[in-house]
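Once you've looked at the hints, dock chain B with the ligand against the given chain A.
Going line by line, the protein sequences match chains A and B. If you read the first sequence in the numbering used here, its first letter stands for residue 7, the second for the next number, and so on. If you read the second sequence in the numbering used here, its first letter stands for residue 9, the second for the next number, and so on.
No lab work stands behind these hints, which were simulated from the structure alone. Check before you lean on any hint, since a few could be wrong.
Derived, one-sided and incomplete: chain A residues facing chain B with beta-carbon distance under 7 angstroms [what the hints assert, rightly or not]:
#1 Val11
#2 Tyr182
#3 Val184
Even for Gly, the Cβ is constructed at its ideal location relative to N, Cα and C.
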Amino acid sequence: MATPVLDHPDLPRLKAAFPDVKFLASEYRGQTTVVVPADALHRVMRLLHDDPACNYDFLSDVTAADYLGYPSRTPGRFAVVYLLLSTNHGRRLTIKTYLDPSVDTLGNELDPALIVPSVTDIWPGAEWREREVFDMYGIQFRDHPDHRRILTWETYPAFPLRKDYPLRGRGERERYRVMPRDAR
Amino acid sequence: MGLEAALPVDNILTTQLNRVINWARRSAVWPMPFATACCGIELMATASSRFDLARFGAEVFRFSPRQADLLIVAGRVSIKMLPVLQRIYVQMTEPKWVISMGACASTGGVFDTYAVVQGIDQFIPVDVYVPGCPPRPEMLIEGVMAIQRIIDNENIPYDGDGKRLPLEVAVTPTYEPAAQPVDVTVGAS
Ligand code: SF4
Numbered sequence: 007m008a009t010p011v012l013d014h015p016d017l018p019r020l021k022a023a024f025p026d027v028k029f030l031a032s033e034y035r036g037q038t039t040v041v042v043p044a045d046a047l048h049r050v051m052r053l054l055h056d057d058p059a060c061n062y063d064f065l066s067d068v069t070a071a072d073y074l075g076y077p078s079r080t081p082g083r084f085a086v087v088y089l090l091l092s093t094n095h096g097r098r099l100t101i102k103t104y105l106d107p108s109v110d111t112l113g114n115e116l117d118p119a120l121i122v123p124s125v126t127d128i129w130p131g132a133e134w135r136e137r138e139v140f141d142m143y144g145i146q147f148r149d150h151p152d153h154r155r156i157l158t159w160e161t162y163p164a165f166p167l168r169k170d171y172p173l174r175g176r177g178e179r180e181r182y183r184v185m186p187r188d189a190r
Numbered sequence: 009m010g011l012e013a014a015l016p017v018d019n020i021l022t023t024q025l026n027r028v029i030n031w032a033r034r035s036a037v038w039p040m041p042f043a044t045a046c047c048g049i050e051l052m053a054t055a056s057s058r059f060d061l062a063r064f065g066a067e068v069f070r071f072s073p074r075q076a077d078l079l080i081v082a083g084r085v086s087i088k089m090l091p092v093l094q095r096i097y098v099q100m101t102e103p104k105w106v107i108s109m110g111a112c113a114s115t116g117g118v119f120d121t122y123a124v125v126q127g128i129d130q131f132i133p134v135d136v137y138v139p140g141c142p143p144r145p146e147m148l149i150e151g152v153m154a155i156q157r158i159i160d161n162e163n164i165p166y167d168g169d170g171k172r173l174p175l176e177v178a179v180t181p182t183y184e185p186a187a188q189p190v191d192v193t194v195g196a197s
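Here chain A stands alone, though its shape is the one from the complex:
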């Protein structure tokens, strides 16, 4: 495996601006990923957006990953992933935050440990992306203006993209009233 080339120009800036924060960085085929602790996430995002040298004015996507059963060790089970793009500098940067659940992940209880600050105040376009992450993984976003599920309905009994949720569901797709033609 090739050693990562950590030459992304914003890495030293992040390091200088947050001497108290422990970053992890990796690189794969020219794409740099920075792992940020959840408690520093909002400050880091604010700097990446506001600092004219970074100027990440466009949030391409917010998504998440569940590393349950992942072959190598990860800093946490869930990762929230932010794909940033600076249209002025033509640079991309991926920010990741790892989270570990504190309650059983099979159900649909809201987990107080799975929460990150919302970035909707920095990039308003994050609103629906964060709702989707919440819907699929149950990761909550603090201070989100409209924190609801977006694809499944409000009372859906699980967060379906978690790896411990069966692909075929737990009967959600079967439990409807059958409508026979001769129903009376």
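Frame of chain A; chain B with the ligand shown alone:
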């Protein structure tokens, strides 16, 4: 119809009432397109000039279920969409027929996941299945013609085989999930 040659001079033709009614129904099937995925594109092609569903009297696509008598379900139906499909089915006026077009509508197709209904016939009645992924327009036309053959065999009044009894069912899903707290804003003071 080629009937003119058979007409006597005083222009009166005797036939059975149900033949006339079935002839009228089969010749003007108005489909309601429920196109939720790629099969819908083929459904549109079927109606366009190259394949010309109008040759079979079924070109008047109605986007209101009240004006349609053939529901063509073209594409996969997600569990969130199923109550909508059931409601549209109930809203269609009798008599009505249903074509399940494509692998997805009929069986769920390759989408064997939590979100996709594995065959709409589990939840609404289906008259004709059109296989394919997607079915060619010729195949869908054959499905419409199969509906016409079904119509030809209808009796008026209905012969009590349970086929055309009015529906009196509710459309609420029976789905009963565990309660989930839904806070609009998390952590805001
Ligand atoms: S049967 Fe094939 S073409 Fe039709 S909706 Fe499914 S995947 Fe698309």
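Discussion item. Next item in the hint list is Val11(A). Is there a CB on chain B closer than 7 angstroms to its CB?
Written reply: violated, 39 angstroms
Practice prompt. For the hint on Tyr182(A), just tell me whether its beta-carbon gets within less than 7 angstroms of chain B.
Written response: Hint on Tyr182(A): holds, closest Cβ of chain B at ~5 angstroms, below 7 angstroms.
Worksheet entry | Residue hint Val184(A), partner chain B, criterion CB-CB below 7 angstroms | Holds - the Cβ of Val184(A) comes within 7 angstroms of chain B, reaching about 6 angstroms at its closest.
The structure fails hint 1 only (numbered hints given earlier).
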